[in-house]
Amino acid sequence: MKNNYALWIAAVSAALLTACAAPLPSSADLDKLTQDIIGRSFRAEGQAKLDRVSPDEDNLACAEADRTGVALDAKVAEAIEARNMKTIQPPTDGKYLGDFKEGEKIAQSGAGKTWTDKEGSANGGNCYNCHQISKEELSFGTLGPSLYNYGKLRGVSNPNSSEAKPIVEYTWGKLQNARAYNACSSMPRFAHKGILSETQIKHLMALLLDPASPVNK
Amino acid sequence: MKKILIVFGLIGACAAAFAQKSSTDSIAEYRAMLQDGNPAELFEAKGEDLWKQKRGPKNASLEQCDLGKGPGVVKGAWVELPRYFADTARVQDLESRLVTCMQTLQGFNADEIAKTPFGSGEQSNVTALATWISAESKGMKFKLSQSHIEERKMYEVGKRLFFMRGGSHDFACATCHSQDDKRIRLQDLPNLTKNPGAGNGFGAWPAYRVSNGQMWGAQLRLNDCYRQQRFPYPLFGSEATIALGVYMGVNGLGGEATAPAIKR
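First to last, the protein sequences are chains A and B.
Going by the numbering used here, 87 is the number at position 87 of the first sequence; the sequence numbering is gapless.
Position in the second sequence (first residue = 1) + 217 = the numbering used here.
A hint or two may mislead.
What the hints assert, rightly or not - Below, in silico cross-link-like pairs of lysine to aspartate or glutamate (DMTMM-like), each with a Cα-Cα straight-line distance of 20 angstroms or less:
1) A:Lys174 with A:Asp93
2) B:Lys263 with B:Glu246
3) A:Lys174 with A:Glu119
4) A:Lys32 with B:Glu368
5) A:Lys152 with A:Asp93
6) B:Lys292 with B:Glu265
7) A:Lys86 with A:Glu198
8) A:Lys193 with A:Glu57
9) B:Lys411 with A:Glu64
10) B:Lys355 with B:Glu265
11) A:Lys32 with B:Glu367
12) A:Lys49 with B:Glu246
13) A:Lys32 with A:Glu57
14) B:Lys355 with B:Asp266
15) B:Lys332 with A:Asp56
16) B:Lys480 with B:Asp283
17) B:Lys269 with B:Asp283
18) B:Lys411 with B:Glu368
19) A:Lys118 with B:Asp441
20) A:Lys193 with A:Asp51
21) B:Lys399 with A:Asp93
As the list claims (entries may be wrong) - Going by beta-carbon spacing under 10 angstroms, a handful of chain A positions derived as facing chain B:
22) Lys101
23) Cys184
24) Gly194
To be verified - Okay, the calculated beta carbon distance ranges per label pair:
25) A:Asn182 with B:Glu280: 52 to 60 angstroms
26) A:Lys105 with B:Gln281: 55 to 63 angstroms
27) A:Gly39 with B:Gly356: 49 to 57 angstroms
The hints are simulated quantities; they were obtained by calculation from the structure and are not laboratory data.
In this text, a Cβ means the ideal position worked out from N, Cα and C, and glycines have one as well.
Please construct the entire structure, taking both the sequences and the accompanying hints into account.
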């Protein structure tokens, strides 16, 4: 009886030791475990296919920097920006600005790309989720900077002028692929990831840069 | 019952009136107004009945279910979940643990329940049970265990998932929930990486959602986060969702359990 008791204590201690004193696996092993768990935890639904959880080189580096609080190595950041810069295409017809009224509608809409959205339906830009844009819309988020008076503050009085060219091209690039300018920006890569069409991006350009847009009033 | 119907009617009327206003203040005001009549109470009552009722192929109640503090102990169980369970050899949250008990004690098919859409069949019963069980810990402080190696691993996995950028929009949980005092549109975003945000955010679900008149458990809350992140569909009770629960719950240690809350 006494022997049994001792055995029992030994067994419990062993179990506790393995459970409590076991060291945490290495960071690389935890990364691997996370990938395995992702593989077992999701299924495709509607247009949201499993490729959306397969690691993307840019996102892996930024996620690690976010998680550890250790800023990206300058070389890695440059490489991410260079990679994304290559995806930026100038407008096919050379015209950068569309209709600001259409731009406002796109900025308002948060629709698109979820598993409950119909594939191929028009996507929104989700802009107001994170940015103040026009003065009239009070329901805006604060994750991104205010874009109110975006063109005006940058001195854009004629978007077609040569003086306005650098800011027009920068804004176009930023809307196409924000991570060409800021490696770990939280802003979606609207053109690169097929979220917004070229025409939609032109409308957003007008919302931000057209002197007649409510944004610049 | 009549009173309940009146409450629901009022919610409808208020929701319509509320749509006209839009400010964080009126949301707070509205929540305060409803505090006395949170419809979650209906689900609590249903959950308590379901716990005690003999059901399933084995015609048994859930009163012997071990939620981590021993068979049948409900009070205080929720503020220690997710945790490691030796009998299933995995870390489980409240909802996945309930499904285990429904299988072992009552003879239900756990896989079938996991595949059932939220809000229907046995899934709606799981939500009601989770509502009642969380309510039994209302006001208590979160004290999740990190003593078992599997619990510590799940925290680390949860942290990785929280910061993982993916989907068509490159969104991570962290995109919206890793800074203080931010909003999406007018909705305040809790910082889930630390208190008070982690305790407040994690500690509020299950919650009654006024905007759609539904009772949502933590699993559905996370499922809808992933939908809006444009990720694929997280399976019910999947390790990913449980790991995120561990991450948020441990970050929320010492925070107060307010579930079942009432939400926009």
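Are there hints from earlier that the structure breaks, and if so, what are their numbers?
-> Of the numbered hints, 2, 3, 5, 12, 15, 16, 21, 22, 27 do not hold.
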